[in-house]
Amino acid sequence: MANPGDSIICGGFSFYNNFDSANLAKVELVKVPETFEKDACETENKSCRSSNSEDATDYEFNLWTKHDCHGTQYQNNNRTWFYFGVKASTPGVYIKFNIINLNKQVKMFSQGMCPVFKVVPGHLHWERIRDKPSYTLDQKGSDFTLSFVYFAPENPKAITYFAFTYPFSYTDLQNYLRRVEARILKRSITSADDVYYHRECAIKSLEGRRMDLITISSFHNISTEREDRLNNMFPEKTEERPFKFWDKKVIFISARVHPGETPSSFVFNGFLNFLINREDNIAINLRRLYVFKLIPMLNPDGVVRGHYRMDTRGINLNRVYLNPSLKDHPTIYAARNLIRYYHHTYQLPKEDEISNMCIGNGENTLTVIDSSCAIANIVRDTTTRLLQQVTLMSLDEKRKDQPEIFQECASPKTDLDDIPQGGGEGLCNKAEESNNSVELKSDKKTYTAIGIGQLPKEDSGLYLYIDLHGHASKKGVFMYGNYFDNAEDTIMCMLLPKLMSINNPNFHFTSCNFTERNMYIIDKRDGMSREGSGRVAVYKLTGLIRSYTLECNYNSGRLVNSIPSRIRDGVNKTVTHMFVPPKYTPAVFEAVGAALGPSILDLTNNNPNSRLPNSQYRSLRGVKSYLKLAYVNNISSPNGKSLHKDDNNIIPSDSYNLKDIESQISNSSVGLKNSMKSETSFVKKPCIIRRTTSLYTAVKRIKNNKKVRQTVTRRPLKNQCVNDIESSSKIPVIGPKSIVKSFLKTSENRLKSSCFGCINDSSEIRDIQYANKKLIATNKFSKMALSSEETAIVKHGAKRLKIVSMKVNKGKSEVGESSNNVPETIKSPSKTLFLSNKQNVRGTTKAMKKCCHKME
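In terms of UniProt numbering, the sequence shown has 50 at position 50, counting the first letter as 1, and numbering is strictly consecutive.
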């Protein structure tokens, strides 16, 4: 990595900063060992010293990292990232490093964040340092000093590398992509389900580095037409464009727009590795259904320079997506043009159509070729178009209404080991007409074109957009989505993050944010709005609902999901559950990327080995029902956690209160079962069951957004919901008349049966009649009475809740409440009702005693 001839020499140590992503600026020696104080214990047994002690260190150095755009007119205050190498002059000594000028990162390092290291040769894999680092702030609070201790290796030639977090440089990326490409090309293609892989340079950065574009799909529905060379893009003329695909939507994923956010690269690598797996049925289905356009590094210059957030001109590239400049932001310019091109299903934008020439005749085919193409490409493509015209003319009458696709011919004469992988071979060198089709041959493979023509025009050729990032302050792995007024669009946007939490243990659905405020918030550092971020700009450009930013914390999370088993694993298979969130490593980030695959298929129920049937939601329908309840709970929350603006056109909250919603709805099986009965309706009319508690307590708990205590011993009545609740501002009472009537009939029957022999006594008859009159009188208050087994419905959002009655319990009041808090309008009828019921019982008891006494 580092060149030994180019280093900073300080105190006999060599410090290296001349490699990809390094950014060491200056080194200062603070402490050197005093040889006369050393004894045998110190020289022979290093373990007798504590690494946490100041006296234990032999050497101490102060280090300064480079700012983003260090030493240029674009220099700024971003200086969180650090990456350097050091070779010790004396093996086996304790060294303390103080990195002086970092950005304030107290929150992250207070949560246990540690730098990483590796030793070359020797310990070749990155891991976190073993001793917990310490940190200090200066009086102004602007400079943050991070200190950590390290034990030098015994090998005097070994170089130890330290970094803020697990690095992944531009050189690492190029080596990784070459290995992937070599692995793909070694495989023999045996079916249409195999991997179609194409890598190309979409554009060069400001300093001339490649911005790679990777296309991955299967050979299903592949056409003979290649994608167009967009204006001012694809500078490598020897690299051909990938083939177009019929009836396949595009999934666009990008990473590393911020150079220091290396977790995004590991998530990207995990998804790429999963996608090119030939054996996994989930990967096969993904390639069969979609075309994946992947950009692994949007800011290669910033990565090479060791920047944390900016490009070489001090620009945050994730804020210029609305109107990127070819001169100043070439990589974002290319990414936006590609997104627009795939959104319009391979149709060139108007400005590119003017600068390109059209070759072809007839109404069926119109081919656009860039004027800067090589002559050989123009001739070959022109020949292809003429062959397509002949095919269409011969099949015009028979296949006028049929879909026009390009299918692979399973010919026994074909050498299947030499199918082109999109590496530049033309598929159309020779044509032979046979059975109303055109056989297009290359040097390696024979294909058959059946009715080749224009691709279908749909609303959008894009299905999903995800921009991958790292995050310093907020713990866990989560997503940012856009805000929608429409409830169905909001639920559609929330669906993929929810599925990610089912497929990955470290994904935090409750940390996701879908608010309007998060779309337009202004950054404190550069004063730029998030409206220019990829997530928001893609939505504004295409209207794509599934447009996300995926964020990964550098260090750790705050929870671990319990992951259900897959269908083929069986319900009884034990899934190891970790209760303590792990320290994040590249393997954890790659697992997040791999979880994107099954989550994408779960969106459309195309996952052949899904976890949903073994989850608490049982199906995609159940997940949608959960999200519907979460949406309703949020918009009806009285604590200001609303999806809508208030009267002053201000968003009252920063994010959905998903933490409370998660705990409430997961514990409410009744609401979930009711909502799962119908998927087409947005949500069933909300019924809030209240048992053995006062109505006033129920209303107060609803206002405070608390879960109402329920009793298990009693069953709720049927027909809990009352129709037309949305137009009602009252609290209807269910069935008090029928209950009172049944009680009257039961009491009369019992009295008659028990007092059959003494009914002639006029005084006892009067007592019974008086008791019945009293019981009938209570019917006046029946509209206000609530049985302990009845349900009440409260309309959310009403200006005023009209409380009809309250049943006073004889026991203790609820916690936090007193009888003084109950209004008089509620107390008096309840008290009257209680007294009248008490008198009724006494009167009935006296009458029965008299009857029994007479009989004796």
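Please keep in mind that the hints were generated in silico from the structure rather than gathered at the bench.
Accuracy of the hints is not assured; some may be wrong.
Said to hold, decoys possible - Below, computed lysine-lysine pairings styled on DSS-like, alpha-carbon distance capped at 25 angstroms:
1) K540 <-> K583
2) K140 <-> K26
3) K540 <-> K104
4) K107 <-> K31
5) K107 <-> K87
6) K118 <-> K186
7) K474 <-> K96
8) K475 <-> K132
9) K107 <-> K583
10) K540 <-> K118
11) K104 <-> K26
12) K31 <-> K157
13) K132 <-> K583
14) K96 <-> K107
15) K26 <-> K96
16) K237 <-> K327
17) K104 <-> K475
18) K475 <-> K96
19) K96 <-> K186
20) K474 <-> K327
21) K540 <-> K107
22) K204 <-> K244
23) K96 <-> K118
24) K107 <-> K140
25) K26 <-> K186
26) K104 <-> K474
27) K157 <-> K204
28) K237 <-> K26
29) K540 <-> K132
30) K583 <-> K140
31) K583 <-> K249
32) K524 <-> K104
33) K474 <-> K583
34) K104 <-> K87
35) K132 <-> K118
36) K186 <-> K204
Claimed, not checked - Pair ranges (Cβ atoms, derived):
37) N609 <-> K327: 19 to 27 angstroms
38) P613 <-> H123: 39 to 47 angstroms
39) P91 <-> T190: 50 to 58 angstroms
40) Y74 <-> S110: 29 to 37 angstroms
Since the model is a prediction, treat every value here as computed from it, not as a measurement.
Just so it is clear, CB atoms sit at the ideal spot from N, CA and C, and this is done for glycine as well.
Structure-based check of all given hints:
With a C-alpha separation of about 37 angstroms, the suggested pairing of K540 with K583 is violated against the 25 angstroms cut-off. Annotation: proposed proximity of K140 to K26 holds, straight-line Cα distance about 22 angstroms (limit 25 angstroms). Restraint check for K540 and K104: not satisfied, since their Cα atoms lie roughly 34 angstroms apart, outside the 25 angstroms limit. Restraint check: the Cα-Cα separation between K107 and K31 comes to about 29 angstroms, which exceeds 25 angstroms; the hinted pair is violated.
Taken as a hint, the K107 and K87 pair is broken in the structure, with Cα atoms around 31 angstroms apart against an allowance of 25 angstroms. Between K118 and K186, the direct Cα distance comes to roughly 32 angstroms. Violation of the 25 angstroms bound is thereby established for this hinted pair. The straight-line distance between the Cα atoms of K474 and K96 is roughly 29 angstroms, outside the 25 angstroms bound, and the hint therefore fails. Restraint check for K475 and K132: satisfied, since their Cα atoms lie roughly 19 angstroms apart, inside the 25 angstroms limit.
Using a Cα cut-off of 25 angstroms, the hinted pair K107 and K583 holds, with the two alpha carbons roughly 16 angstroms apart. For the suggested pair K540 and K118, the alpha carbons sit about 44 angstroms apart, so the restraint of at most 25 angstroms is broken. Simply put, K104 and K26 have alpha-carbon atoms about 19 angstroms apart, close enough for the 25 angstroms limit, and the pair holds. Under the criterion of a C-alpha separation no larger than 25 angstroms, the hint pairing K31 with K157 is consistent with the structure, at around 23 angstroms.
Between K132 and K583 the alpha-carbon distance is near 13 angstroms, which keeps this suggested pair within the 25 angstroms criterion. Straight-line distance between C-alpha atoms of K96 and K107 comes to about 22 angstroms, which keeps the hinted pair within the 25 angstroms bound. Straight-line distance between C-alpha atoms of K26 and K96 comes to about 16 angstroms, which keeps the hinted pair within the 25 angstroms bound. Between K237 and K327 the alpha-carbon distance is near 20 angstroms, which keeps this suggested pair within the 25 angstroms criterion.
As the CA atoms of K104 and K475 are separated by approximately 17 angstroms, the hinted pair is consistent with the 25 angstroms bound. With a CA separation close to 28 angstroms, the supplied pair K475 and K96 exceeds the 25 angstroms bound. Of the supplied pair hints, the one linking K96 and K186 is violated, its CA atoms being roughly 48 angstroms apart against a limit of 25 angstroms. At most 25 angstroms may separate the alpha-carbon atoms for a hinted pair to count; K474 and K327 exceed this at roughly 35 angstroms.
Between K540 and K107 the alpha-carbon distance is near 34 angstroms, which puts this suggested pair outside the 25 angstroms criterion. Between K204 and K244 the alpha-carbon distance is near 23 angstroms, which keeps this suggested pair within the 25 angstroms criterion. With a C-alpha separation of about 16 angstroms, the suggested pair K96 and K118 falls inside the 25 angstroms cut-off, and the hint holds. The hinted pair formed by K107 and K140 meets the criterion: a straight-line CA distance of about 17 angstroms does not exceed 25 angstroms.
Simply put, K26 and K186 have alpha-carbon atoms about 47 angstroms apart, too far for the 25 angstroms limit, and the pair is violated. Proximity of K104 to K474 is assessed by CA-CA distance (about 15 angstroms); at most 25 angstroms being required, the pair is judged to hold. With a CA separation close to 38 angstroms, the supplied pair K157 and K204 exceeds the 25 angstroms bound. In summary, the hint linking K237 to K26 is not supported, as the alpha carbons are separated by about 43 angstroms, beyond the 25 angstroms threshold.
Taking the CA atoms of K540 and K132, the gap is near 45 angstroms; set against the 25 angstroms cutoff, the hint is violated. Of the pairs offered as hints, the one joining K583 and K140 is violated, with about 31 angstroms between alpha carbons and a cut-off of 25 angstroms exceeded. For a cut-off of 25 angstroms, the pair hint linking K583 to K249 is broken: about 36 angstroms separates their Cα positions. Restraint check for K524 and K104: satisfied, since their Cα atoms lie roughly 14 angstroms apart, inside the 25 angstroms limit.
Simply put, K474 and K583 have alpha-carbon atoms about 14 angstroms apart, close enough for the 25 angstroms limit, and the pair holds. A C-alpha spacing of about 28 angstroms is found between K104 and K87, which places the hinted pair above 25 angstroms, so the restraint is violated. Under the criterion of a C-alpha separation no larger than 25 angstroms, the hint pairing K132 with K118 is consistent with the structure, at around 17 angstroms. Restraint check for K186 and K204: not satisfied, since their Cα atoms lie roughly 29 angstroms apart, outside the 25 angstroms limit.
For the hinted restraint 19 to 27 angstroms between N609 and K327, the CB-CB distance of approximately 48 angstroms leaves it violated. Look at P613 against H123: about 44 angstroms separates their beta carbons, and that is inside 39 to 47 angstroms. Between P91 and T190 the Cβ separation comes to about 54 angstroms, which falls inside the hinted range of 50 to 58 angstroms. Y74 and S110 have their C-beta atoms about 32 angstroms apart, which keeps the hinted 29 to 37 angstroms range intact.
Violated hints, listed in ascending order, are 1, 3, 4, 5, 6, 7, 10, 18, 19, 20, 21, 25, 27, 28, 29, 30, 31, 34, 36 and 37; each of the other numbered hints is respected by the structure.
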